[in-house]
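In case you want the letters, here they are:
2 protein chains.
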Amino acid sequence: MSSLHAVIMAGGSGTRFWPASRATRPKQFLPLARGKVLIQATIDRLAGLCDEGHVWIVTNSAQARSLRKLLPDFPRDRIVVEPEARDTAPCVALATATIAKLDPNATMVVLPADHVIEPIPAFHRMLKRAAKIAADDETLVTFGVKPTHPATGYGYIECGPRRDGDEPRAFAAKRFREKPDLATATQFVANGGFLWNSGIFVWTVPAIRRAMSRGSEALGAACDRLVEAIAAGKRTQVKRIFEQAPKTSVDYAVMEKADKVAVVEAVVNWDDVGSFPAIESVGTGDDENNFALLSGGAAKIALQSRGNVVYAEGKRTVALFGVEDLVVVAVGDAVLVCPKARAGELKTLVEHVRAAGRTDLL
Amino acid sequence: MSSLHAVIMAGGSGTRFWPASRATRPKQFLPLARGKVLIQATIDRLAGLCDEGHVWIVTNSAQARSLRKLLPDFPRDRIVVEPEARDTAPCVALATATIAKLDPNATMVVLPADHVIEPIPAFHRMLKRAAKIAADDETLVTFGVKPTHPATGYGYIECGPRRDGDEPRAFAAKRFREKPDLATATQFVANGGFLWNSGIFVWTVPAIRRAMSRGSEALGAACDRLVEAIAAGKRTQVKRIFEQAPKTSVDYAVMEKADKVAVVEAVVNWDDVGSFPAIESVGTGDDENNFALLSGGAAKIALQSRGNVVYAEGKRTVALFGVEDLVVVAVGDAVLVCPKARAGELKTLVEHVRAAGRTDLL
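For the protein sequence lines, the chains are A and B, in the order given.
Going by the working numbering, the residue at position 340 of the first sequence is 942; the numbering climbs one at a time, nothing skipped.
Going by the working numbering, the residue at position 205 of the second sequence is 807; the numbering climbs one at a time, nothing skipped.
Just chain A, with the same shape it has in the complex:
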């Protein structure tokens, strides 16, 4: 049987956790996994699933330095640095070529660095199920999360017929649907045959190479040339090939055009920790529905306050008195207060901070 490798995609930035997240300290660096840094929790979650030496991180050069500092024990040669940001397809090609050098038939798990997934045994169970499907017949496997509400922030996967009687349940993936509007999302949820796209994939090296070629000739060719260049240890060539690869996403260029795609139903608690109110799922609550995610000695005191979300780092106490449904963030050099209902719009505030010339806070 082929070896199992895991590729953690750690290139994301984003502004939804400002001022906790910054350009050099994106969301995956935040202790949002019940006090543990997300990427560390992602690494830890893989322990026992694949060999320690088979865990890779793909990131950009801006974050690589912080990453090495954050994870001093993680081997540097397994941190793959993208020459530039070119969306997820070239990133996956680079990871595929890197792993192909060690095992051209390897099975790969590709997963975001910044999700919270629990419990670990169920996570392993669903990945093993996917690895088996992927190894059997060169199928690309995704994971679908049963929708709890008509979310418009996720892509959806339309399920086809169930593959077999095994658990967790797996289906042929009939169609990928981009983030829908509310009416469409409501239809999807009512229909019942749709799952949220979790952004986690499992496939073999041959399968993803074939699917890249099928989806985009240029992408497939780039991947083939990356395999050769990496096998030959030609770094400058790798850089040039990468920079000329099509700038596109793996969802669009590969998954939506693939012929054999399966979706395994996620039997885990999955949270993509999209914005501060996610702390209601990944934080600690009190009797008045105030939720907090505290690290580094931080504390929360709430009196006559309900439904608030607190994120704090370091030796500081956040005291709430008579307030409701707010997000309160306190980190070293910044404090944020905004209504919970507007936490998804933080980008607007970050743009305002930039316009105000306070790039030191970004």
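Take these hints with a grain of salt, some might be off.
Because identical chains share one entry, a pair is satisfied inside a single copy or across any pair of copies.
[Claimed, not checked] With a straight-line cut-off of 30 Å between C-alpha atoms, the simulated DSS-like cross-links for lysine-lysine are:
#, residue 1, residue 2
1, K781, K859
2, K917, K942
3, K949, K917
4, K638, K917
5, K841, K671
6, K671, K917
7, K781, K942
8, K703, K734
9, K849, K859
10, K776, K859
Honestly, the hints are just simulated from the structure, not real lab data.
Fit chain B to the given chain A structure using the hints.
Quick look at chain B alone, frame taken from chain A:
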């Protein structure tokens, strides 16, 4: 003419500025005077009015150390430490006896450490007017602030006939009225003949000694004995006399029972900086009526936010996004968020903090 001395009463503690104020750092230590520490602003406000060597601070032992640290250039022998907290009457007696040693006929200005009063020339003008009245005929002089609304948090002074045609206007003080209920306060304001008691006094040493004896035989005797003990340099005696003096307020034991009291109308902007919303008067506002008092490199960013009050110290930025009418406080180890309308109830929160065992924050 007798010399003019100023006595700054710096014994107050209180919880209305928590978490900025703490047990060892009461309100008068906060930079609430447009970024300047209140007691420093009070000292500076006296420059040019009386000799530098004639400014005194009376405080308690708990605050004396912090005070010496905060004001390294202020001579230690002019910081008078109360042996224990016994309300304002023994405190005034101690200050009177201390000054009497230098000039038994001195004129004294007694004023709180933690008010904001502007502009300084007008302040000097009203004090000089009071000093003249006080020196002329042993009258105790207070200052009354024209009410802008029926405040229930201040005492009121009922004005009698106007003394003379001089400016600022001075009246015989007919009666002192404790903090009234709203109906009474509304009557006072409608009547027009009432002024807020500013807590600032001017009198001569002989006048206040006579008034103490008249108001309370025990208090007058204590003051006489303090004068003797201090003149003789007998420290332990001073302590014993002080500790046996009646524990009462100068308003109740002296002012309300005095025969000759005048009130000078305050021709200044006076703010007792009673709680965080006072920052609307003593801080800096923006176009959306957000007011801030920032020190030590702190900054405020407000977007789509109105009517908030921000207090921040140190190199931290407070960002408000989509919030209204909140108080947001950010200091080294604590952040507070509460509605502006409830800022006067902070005592409740502080009691909760104490009950939660977080005495480190008090």
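Tested hints:
1. K781 / K859: For K781 and K859, only the intra-copy Cα distance (17 Å) is at most 30 Å; the inter-copy one is 78 Å.
2. K917 / K942: Both: 24 Å inside a chain and 26 Å across chains, each within 30 Å.
3. K949 / K917: both (27 Å within a copy, 23 Å between copies)
4. K638 / K917: Both, since 16 Å and 27 Å are each at most 30 Å.
5. K841 / K671: within (24 Å within a copy, 60 Å between copies)
6. K671 / K917: Cα proximity of K671 and K917: in one copy and across copies (22 Å, 25 Å).
7. K781 / K942: within (22 Å within a copy, 40 Å between copies)
8. K703 / K734: Within. Shortest intra-copy distance 22 Å satisfies the 30 Å Cα cut-off; inter-copy 97 Å does not.
9. K849 / K859: within (16 Å within a copy, 87 Å between copies)
10. K776 / K859: within (11 Å within a copy, 92 Å between copies)
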